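Chemist: Generate the whole structure from the sequences, applying the supplied hints.
Protein sequences, first through last, are from chains A and B. Quick note: the first sequence, position 42, residue 42 per my numbering, numbers continuous. The number in my numbering is simply the position in the second sequence, starting from 1, with 1000 added.
No lab work stands behind these hints, which were simulated from the structure alone. Please note: incorrect hints may appear among the correct ones.
Below, in silico cross-link-like pairs of lysine-lysine (DSSO-like), each with a Cα-Cα straight-line distance of 27 Å or less [unchecked claim]:
| id | chain 1 | residue 1 | chain 2 | residue 2 |
| --- | --- | --- | --- | --- |
| 1 | B | Lys-1162 | B | Lys-1202 |
| 2 | B | Lys-1167 | B | Lys-1202 |
| 3 | B | Lys-1295 | B | Lys-1273 |
| 4 | B | Lys-1061 | B | Lys-1202 |
| 5 | B | Lys-1682 | A | Lys-128 |
| 6 | B | Lys-1762 | B | Lys-1682 |
| 7 | B | Lys-1162 | B | Lys-1200 |
| 8 | A | Lys-128 | B | Lys-1648 |
| 9 | A | Lys-128 | B | Lys-1762 |
Interface residues of chain A toward chain B, partial, derived using beta-carbon atoms under 8 Å [what the hints assert, rightly or not]:
| id | residue |
| --- | --- |
| 10 | Cys-22 |
| 11 | Ala-48 |
| 12 | Gln-89 |
| 13 | Ile-93 |
| 14 | Glu-131 |
| 15 | Val-134 |
| 16 | Cys-137 |
Bear in mind the structure is a predicted one, so any value in this text is a computation, not a measurement. Built from N, CA and C at the ideal position, the CB exists for glycine as well.
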Amino acid sequence: MNTNTSLKVNGQTHAVSADSDCPLLYVLRDDLALHNPRFGCGLGQCGACTVIVDGRAVRSCLLPLSRAAGKEIVTLEGLGTLEKPHPVQAAFIAEQTFQCGYCLNGWVMSAKALLDQNPNPSDAEMRKAFESLVCRCGSHARIFSAVRRAAASMRAAANLSDAQRSA
Amino acid sequence: MAAKLPLSRREFVKGTGGLLIGFSLADSAIVPQLLSAAVPPQAASTTPSPARLDAWLRIEKDETIRVFTGKAEIGMGVETAYSQIVAEELDVAPARVAFVMGDTAETADQGGVGGSTSVAQGAKPLRNASATARFLLLQLAATRLGVPPDQLEVKDGIVSVKGDPSKHISYGELAGGTDLNDALNVSGAGFGLNVQGAGKPKDPASYTVVGTSLPRVDMPAKILGHFTYITDVRVPGMLHGRVIRPAGVGATPATVDEKSLQGIPGVVKVVVKGNFVGVVAENEWSAIRAAKALKIGWSAPVQAFPEREDLYRHMRAATPKATRVMANQGDAAAVLATATKKVESSYEWPFQSHASMGPGCAVADFQPAGVTTIWSGAQKPHALQQGIAQLLNLSADKVHVIWVEDSGSYGRGGYEDTAGDAALLSQAVGRPVRVQWMRADMTAWGAKGPASVFDLSAALDAAGSVTALQYTSRAFSGTEILPQPNSAGNLLGAQLSGVANTTGADEFAVWGDMAPRYEFPNLHAVGYVVPTFYATGSPLRGTHLRDPGGPATTFAVESFMDELAASVGADPIEFRLKYIGNDARAKAVLASVAEHAKWDRRPSPKKPAASAEVVAGRGVALAIRNGTYVATVAEVEVARRTGLVHVKRIVCVHDCGLIVNPEGLRAVISANLMQSLGRALKEEVTFNRSNVTSVDWTTYPVTRASDVPEQIDIVLLNRPDLPPGGAGEPSSRPTAAAIANAVFDATGVRVRQAPLSPARVKAAWGTAVSA
Ligand code: FES
Ligand code: FES
Chain A
1 MNTNTSLKVN GQTHAVSADS DCPLLYVLRD DLALHNPRFG CGLGQCGACT
51 VIVDGRAVRS CLLPLSRAAG KEIVTLEGLG TLEKPHPVQA AFIAEQTFQC
101 GYCLNGWVMS AKALLDQNPN PSDAEMRKAF ESLVCRCGSH ARIFSAVRRA
151 AASMRAAANL SDAQRSA
Chain B
1001 MAAKLPLSRR EFVKGTGGLL IGFSLADSAI VPQLLSAAVP PQAASTTPSP
1051 ARLDAWLRIE KDETIRVFTG KAEIGMGVET AYSQIVAEEL DVAPARVAFV
1101 MGDTAETADQ GGVGGSTSVA QGAKPLRNAS ATARFLLLQL AATRLGVPPD
1151 QLEVKDGIVS VKGDPSKHIS YGELAGGTDL NDALNVSGAG FGLNVQGAGK
1201 PKDPASYTVV GTSLPRVDMP AKILGHFTYI TDVRVPGMLH GRVIRPAGVG
1251 ATPATVDEKS LQGIPGVVKV VVKGNFVGVV AENEWSAIRA AKALKIGWSA
1301 PVQAFPERED LYRHMRAATP KATRVMANQG DAAAVLATAT KKVESSYEWP
1351 FQSHASMGPG CAVADFQPAG VTTIWSGAQK PHALQQGIAQ LLNLSADKVH
1401 VIWVEDSGSY GRGGYEDTAG DAALLSQAVG RPVRVQWMRA DMTAWGAKGP
1451 ASVFDLSAAL DAAGSVTALQ YTSRAFSGTE ILPQPNSAGN LLGAQLSGVA
1501 NTTGADEFAV WGDMAPRYEF PNLHAVGYVV PTFYATGSPL RGTHLRDPGG
1551 PATTFAVESF MDELAASVGA DPIEFRLKYI GNDARAKAVL ASVAEHAKWD
1601 RRPSPKKPAA SAEVVAGRGV ALAIRNGTYV ATVAEVEVAR RTGLVHVKRI
1651 VCVHDCGLIV NPEGLRAVIS ANLMQSLGRA LKEEVTFNRS NVTSVDWTTY
1701 PVTRASDVPE QIDIVLLNRP DLPPGGAGEP SSRPTAAAIA NAVFDATGVR
1751 VRQAPLSPAR VKAAWGTAVS A
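Modeler: Shown next, in the form of structure tokens:
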């Protein structure tokens, strides 16, 4: 049964009419034309569909629409722009990270969620946070470099603003 | 000229059947757009003749150089490399170069993507066409500026008089809007298609753009989320389809209970054609639900496969379908029969799945009276046009394939089949249908890299030299499903609906080609093709998977070389150098990898402390593929209790002739190393008597974050004197052998079956210890 649901995505509220059991992924892609959450498995095993819900990286292929209602949802589209990319995006671009890039939504969104919680992850913490993501092309080594770069630039920016505050 | 936005300049769709899809680069609205335009339905769709310059390249008024190529981007940066090659010849900034790729109505048939040939061969006609365009533009400029062409120079598309830069004119002013029409001489076809015109390409010694690390042109758009993959294509009136594969090989839907779909809104049709079953619905979620809910009474599947543990026994016992002697010098059998010292070993490599990240997606718009359009990310769009035409019983000029990038495909895994499925469903409902495969449709039902087994034996003399070698390979054909989907029977949906696969061919695991061509005084190499288990609609049908036959054959030959070295107490690198003949490039990559890995010269195995919980070792392997040379050293740790192999470090030395883009090449190699590491340690398609049981990322594990080595060193040997060779696949080739050799070095135990999973390593080690 279709129900009317109010979804807050990237700061905008949308009224959608869809089955309340429909995974958020298909609503984002098909109803809201937000194509960056990608279908990789539909089983929670790869992360291609990752979105950030109330600050946490979540697999939208498993999240029923009813449980997404009323939450703050951020997709890759909501991170940054060409003029002002998110530091994670800037770092991933600088490192020429991916091959095909089909997986990148999962890595970029998970990296953002990780760095928001832990601005200076160790190698082991990074691997642990990413163990549930797939990149079939094998871009892993460059992904790690990109996350380290993003972490460094975000810390530098934070220190700078601390310094400005205390100045 | 204003700087171009750093976005992919790929234009992937032209007007067709009333549709126009493209990118708007205007202002901030950088979003894929879908417009309905009043274009009348076309009567026919033909592929441009490669004999015309404007089939390759056009200069537009805004100074864009629009390049048309039958090649496609499969995630390895070919668009970037092509930008550099065209920019180099034309003397323009690479950002000016925009592409139309793999559109059968817009681009010449270059055979599509395959065999790591896109730069080595596929760039040739682009280079020559660009050189000819520059030649013609200079002639036009000479007339306009009133000086002979040799007194002109070009800088970023502006032609000016040497010594008098005030006299100048741009490419766009010279040719913009009108086509530079010149006849080209055409030679070859498919991958080998080439053209020659009046302009001569530059001497590589003068290159300024080729050879630099131009950043990937598609990367910003992808990472910023502005990129359109095939999965994002939407056309007006489009429905969503899902396929339902048989309950097992040969199973037939005896009953289909459409009532089981009651309560699912928007179901349009259940399509049954032989064993092909699909559902079409108004929206994606309904299609998914319907595919799950549809009650089908399948007939009992055929028990076509052996039990998984009997696979290699079956392959050795099966009557071969084809035989080929690959080398025969001297009398290896006689020497082996009387040898005092012999080494004999067998190696086994499983079926592996392409398991692409995106499980396959295509859109088809069947038009019985006009031109049918297929949007697909398959690697060979022109061949797909033929296959779809046959499937739909249309002539090829009534089918237009528009290539749109999918996720990395690594060969003919299944995107071709997805297109076939979409075509069948669109034909059945008379509306455009988007088919998105579910995970198992790709991992379990996509075509497979074939399994192979190898038996090797060698005779050694008293001085420790190899006097004879015998090689026997038995493999399922890697071209049972041709990489070219140019017939209906090539496509899974067609096979399931009853069309026979008539184009399959025999492909062997080839000595001296899929592994280094070592030289021995007596050598006999023979290969057999094992017949397929089931001829139509089998999930274990063999096809090309990245570096067809290479990782398996090299695993066998390079493991065996290591065994021979160990048997005479020789250092593995020195031993290889002794048998590689006069191949200077092979020697150079081995010497370089020894240097960069700080290779410690000694025989394997290194004797570990008997009680150590974790033992370490290093191994090497060499690969030579169509003129590209790779030597890889792996350093591993093996845990005694679990059998878990962790690669701590990989050093890969790579020589592919002239390097077009060093940083892009490093990225490709790094990815190949990580993917092939998973193939070496984890990837194995499992099955029972009627079904593939590797269906998802749990049952078909691949490289994950925890597998990534702590250190990866990639060393590029640039050879500007040699033409660029292939780089898409060769570095996948030696990884498994290098790891197996390192495991031997660490443990003293030889694991001869891939992948080197913990269970397998533990079992081999345990047996060795107790024996
Ligand atoms: S698509 Fe959601 S985890 Fe794979
Ligand atoms: S870059 Fe292709 S799947 Fe990650």
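Chemist: Against chain B, with CB atoms and a cut of 8 Å, does the hint on Gln-89 (chain A) hold up?
Modeler: Where the cut-off is 8 Å and the nearest Cβ of chain B is about 5 Å from Gln-89 (chain A), the hint holds.
Chemist: Could you check if Ile-93 (chain A) really has its C-beta closer than 8 Å to a C-beta on chain B?
Modeler: holds, 5 Å
Chemist: Under the criterion of a CB-CB separation shorter than 8 Å, is Cys-137 (chain A) in contact with chain B as hinted?
Modeler: holds, 4 Å
Chemist: Need the status of pair Lys-1061 (chain B), Lys-1202 (chain B): alpha-carbon distance at most 27 Å?
Modeler: holds, 25 Å
Chemist: Any CB of chain B closer than 8 Å to the CB of Cys-22 (chain A)?
Modeler: holds, 4 Å
Chemist: Take a quick look at whether Lys-1167 (chain B) and Lys-1202 (chain B) sit within 27 Å of each other, Cα to Cα.
Modeler: holds, 25 Å
Chemist: Check the hint pairing Lys-1682 (chain B) with Lys-128 (chain A) against an upper bound of 27 Å on the C-alpha distance.
Modeler: Holds - the C-alpha atoms of Lys-128 (chain A) and Lys-1682 (chain B) are around 19 Å apart, at most 27 Å.
Chemist: Between Lys-128 (chain A) and Lys-1648 (chain B), is the straight-line Cα distance small enough, at 27 Å or below?
Modeler: holds, 17 Å
Chemist: Under the criterion of a CB-CB separation shorter than 8 Å, is Ala-48 (chain A) in contact with chain B as hinted?
Modeler: Holds: closest Cβ of chain B sits about 7 Å from Ala-48 (chain A), inside 8 Å.
Chemist: Does Lys-128 (chain A) pair with Lys-1762 (chain B) here, judged by a C-alpha cut-off of 27 Å?
Modeler: Measuring from Cα to Cα gives roughly 25 Å; hence the hint holds.
Chemist: Please work out if Lys-1762 (chain B) and Lys-1682 (chain B) have their alpha carbons no farther apart than 27 Å.
Modeler: Distance of about 14 Å is within 27 Å: holds.
Chemist: Tell me if the straight-line CA distance from Lys-1162 (chain B) to Lys-1200 (chain B) falls inside 27 Å.
Modeler: Holds: Lys-1162 (chain B) and Lys-1200 (chain B) sit about 21 Å apart, inside 27 Å.
The structure meets every hint from the earlier list without exception.
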